[in-house]
Amino acid sequence: MTWSALILAGSRPGTTDPVATYAGVSHKALIRLEGATLLDRVAAAVRAAGATRVAVSASDRAVVVEAMRLGLEVLPPAAGPSASVAAALTVLGTPLLVTTADHALLRGEWVTRFRADVPPGADVAVLLARRDVVEAAAPGTRRTYLSFADGGWSGCNLFQFATPRAIAAVELWRRVEADRKRPWRIVRRLGIGLLIRYALGRLTLGEAIAHLGRKAGLDAAAIPCPYGLAAVDVDKPADLDLVRAIVADPRYRSRN
Numbered sequence: 001m002t003w004s005a006l007i008l009a010g011s012r013p014g015t016t017d018p019v020a021t022y023a024g025v026s027h028k029a030l031i032r033l034e035g036a037t038l039l040d041r042v043a044a045a046v047r048a049a050g051a052t053r054v055a056v057s058a059s060d061r062a063v064v065v066e067a068m069r070l071g072l073e074v075l076p077p078a079a080g081p082s083a084s085v086a087a088a089l090t091v092l093g094t095p096l097l098v099t100t101a102d103h104a105l106l107r108g109e110w111v112t113r114f115r116a117d118v119p120p121g122a123d124v125a126v127l128l129a130r131r132d133v134v135e136a137a138a139p140g141t142r143r144t145y146l147s148f149a150d151g152g153w154s155g156c157n158l159f160q161f162a163t164p165r166a167i168a169a170v171e172l173w174r175r176v177e178a179d180r181k182r183p184w185r186i187v188r189r190l191g192i193g194l195l196i197r198y199a200l201g202r203l204t205l206g207e208a209i210a211h212l213g214r215k216a217g218l219d220a221a222a223i224p225c226p227y228g229l230a231a232v233d234v235d236k237p238a239d240l241d242l243v244r245a246i247v248a249d250p251r252y253r254s255r256n
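Residues in the sequence shown are numbered from 1 upward in steps of one, following this note's numbering.
Hints listed in this document are in silico derivations from the structure and should not be mistaken for laboratory results. Each hint can be trusted.
Cβ-Cβ distance ranges computed for the label pairs, FRET-style:
1) T204 with V74: 35 to 45 Å
2) V74 with K236: 21 to 31 Å
3) G151 with P119: 17 to 27 Å
4) G193 with G35: 50 to 60 Å
5) A36 with K236: 14 to 24 Å
6) A238 with A36: 18 to 28 Å
7) R142 with T15: 14 to 24 Å
8) P76 with T112: 23 to 33 Å
9) A116 with T21: 35 to 45 Å
10) P226 with A62: 31 to 41 Å
11) A36 with P237: 18 to 28 Å
12) D117 with E73: 20 to 30 Å
Note that beta-carbon positions come from the ideal geometry of N, C-alpha and C, so glycine has one too.
Work out the full structure: start from the sequences and follow the hints.
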């Protein structure tokens, strides 16, 4: 089955990205790592995984020029990531993999494993890594974790919109992303029964995501990621220092 990929590379009007400023570029998608821009690296990873159509949601002129150089489709961003995904679904259809341009270490095999692990019948899926897996792969990294009965979990910026019904997940995805640093606000939508289970430390992440999906009228799945580095993106200057150190490490190079 053919599938498409969307790379989010939007910009917030009137704001300056501290990571881009730190790196001396106009947009962090243009940061160079091992001789390639981050946008180039992400596009290469999803293509290696088999994406037949790859688009980038971007408005920054230099990012658009780079996207065209890489042979990517360019879609104008909407008012925020979730709206950009909704717009892309109307153009690219499903299955649609969504990721971000700052996913600096993304590898094709991670994408392939994620898509293979999405259960049959799931309309939408999100990839997350356990805290112990992340910290084993990147000791000292500071990430935001959602705490559930089966551990702390960090998002990996990979989403699979598998069926046309997945459009209903866009609003759910927006809310979960907006509240990723406030897990109680996420859990509050689950209802009193699951809220009590969460408070008692008995609610797993998979149960929470599945219940949220049902409330949106679809089948949603949380997919555990065995690759801790998949949770490392470039949100702040310290993250960029981290990924530069990782790719300079001979142990990382030996795996490429």
